[in-house]
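Here are the chains, one letter per residue:
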Amino acid sequence: MERVPILKLGDILIVSIQIDLDDQSVLALQEDLADMVVSSGARGVIIDITAVEIVDSFIGRMFSTIAAITRMLDAETVVVGMRPAVAITLVELGLSLGGVRTALNLEKGVAMLEHVRGAAG
Amino acid sequence: MSAPRELPIATNGDVVVVRQQTRSLAAEIGLSLVDQTKIVTAASELARNALVHAGGGRVLIEVLEGGRRPGLRLVFTDEGPGIPDIEQALTEGWSTAGGLGLGLSGSRRLVDEFDLVSAPGEGTRVTVTKWAR
Numbered sequence: 001m002e003r004v005p006i007l008k009l010g011d012i013l014i015v016s017i018q019i020d021l022d023d024q025s026v027l028a029l030q031e032d033l034a035d036m037v038v039s040s041g042a043r044g045v046i047i048d049i050t051a052v053e054i055v056d057s058f059i060g061r062m063f064s065t066i067a068a069i070t071r072m073l074d075a076e077t078v079v080v081g082m083r084p085a086v087a088i089t090l091v092e093l094g095l096s097l098g099g100v101r102t103a104l105n106l107e108k109g110v111a112m113l114e115h116v117r118g119a120a121g
Numbered sequence: 001m002s003a004p005r006e007l008p009i010a011t012n013g014d015v016v017v018v019r020q021q022t023r024s025l026a027a028e029i030g031l032s033l034v035d036q037t038k039i040v041t042a043a044s045e046l047a048r049n050a051l052v053h054a055g056g057g058r059v060l061i062e063v064l065e066g067g068r069r070p071g072l073r074l075v076f077t078d079e080g081p082g083i084p085d086i087e088q089a090l091t092e093g094w095s096t097a098g099g100l101g102l103g104l105s106g107s108r109r110l111v112d113e114f115d116l117v118s119a120p121g122e123g124t125r126v127t128v129t130k131w132a133r
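In the order they appear, the protein sequences are chains R and Y. Quick note, the first sequence lines up with residues 1 to 121 if you use the working numbering. Quick note, the second sequence lines up with residues 1 to 133 if you use the working numbering.
Since the hints were derived computationally from the structure, they do not count as laboratory data. Hints are not guaranteed to be accurate.
Stated by the list, open to error - Which chain Y residues stay away from chain R? Per the calculated CB distances, all over 10 angstroms, these: (1) E45; (2) V63; (3) G121; (4) E122.
What the hints assert, rightly or not - Covered by chain R, according to a simulated footprint, are these stretches of chain Y (three or more residues, beta-carbon under 8 angstroms): (5) 16-22; (6) 35-41.
Where a beta carbon is used, it is the ideal one built from N, C-alpha and C, also for glycine.
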């Protein structure tokens with residue numbers, strides 16, 4: 001099983017998925033992120049899927065689950081960089097990624113997190 | 001072009017290999033990027049189904065030529081418990097494995113042709129086809 005590295009930049013954790021995710025790697029990432037949000041006190045998580053060619057129901061559910069877990073740990077998750085073909089396929093598959101914030105790229109994701117934090121005071 | 005390829009589905013890693021092989025053949029026959037993504041996503045769902053519900057199975061990936069347009073056909077076979085109520089299994093949101101229940105119903109929407117043969121105790125065979133446009 002390959003593990004996805006998690007980078008820390010200020011109070012944001014950045015995950016850039018560069019591998020073909022198998023289900024075990026997906027579950028490991030959920031746990032690693034929850035641990036690291038708590039240990040680092042991060043307020044935001046960005047998952048960059050620019051390099052991800054497909055998102056099936058298992059991977060899509062992972063995004064929703066991570067968003068819910070980190071929200072419970074006082075951090076917001078933003079998924080960035082989704083390819084157009086992936087978005088089309090997800091909608092047709094019937095997966096709407098409820099509760100998951102998205103932004104077009106890393107830069108906009110960071111701006112979104114700053115905005116969310118600003119609004120929360 | 002390519003001879004049919006049969007791949008085992010016994011581990012999570014095998015599901016990834018099924019995706020990769022489907023992707024490379026889909027690109028080879030000239031499916032559009034969106035159609036490649038759809039058939040690979042369907043392959044991922046169906047391979048996981050075989051793994052989770054039947055403890056594993058296999059897939060035959062075949063390039064269809066000779067017609068007006070080339071196509072890609074995937075036949076997933078397992079010797080698992082089979083599906084007692086196929087109508088129900090194809091209902092969106094129906095899940096027996098704690099999933100989202102999108103595997104079968106969602107895959108059907110992503111392909112051009114979808115065929116499911118199953119009976120209790122006799123395993124399951126799902127055939128999906130995507131045609132180049």
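Q: Please write out, lowest number first, the hints stated earlier that are contradicted by the structure.
A: Hint check: 1 fails alone, others pass.
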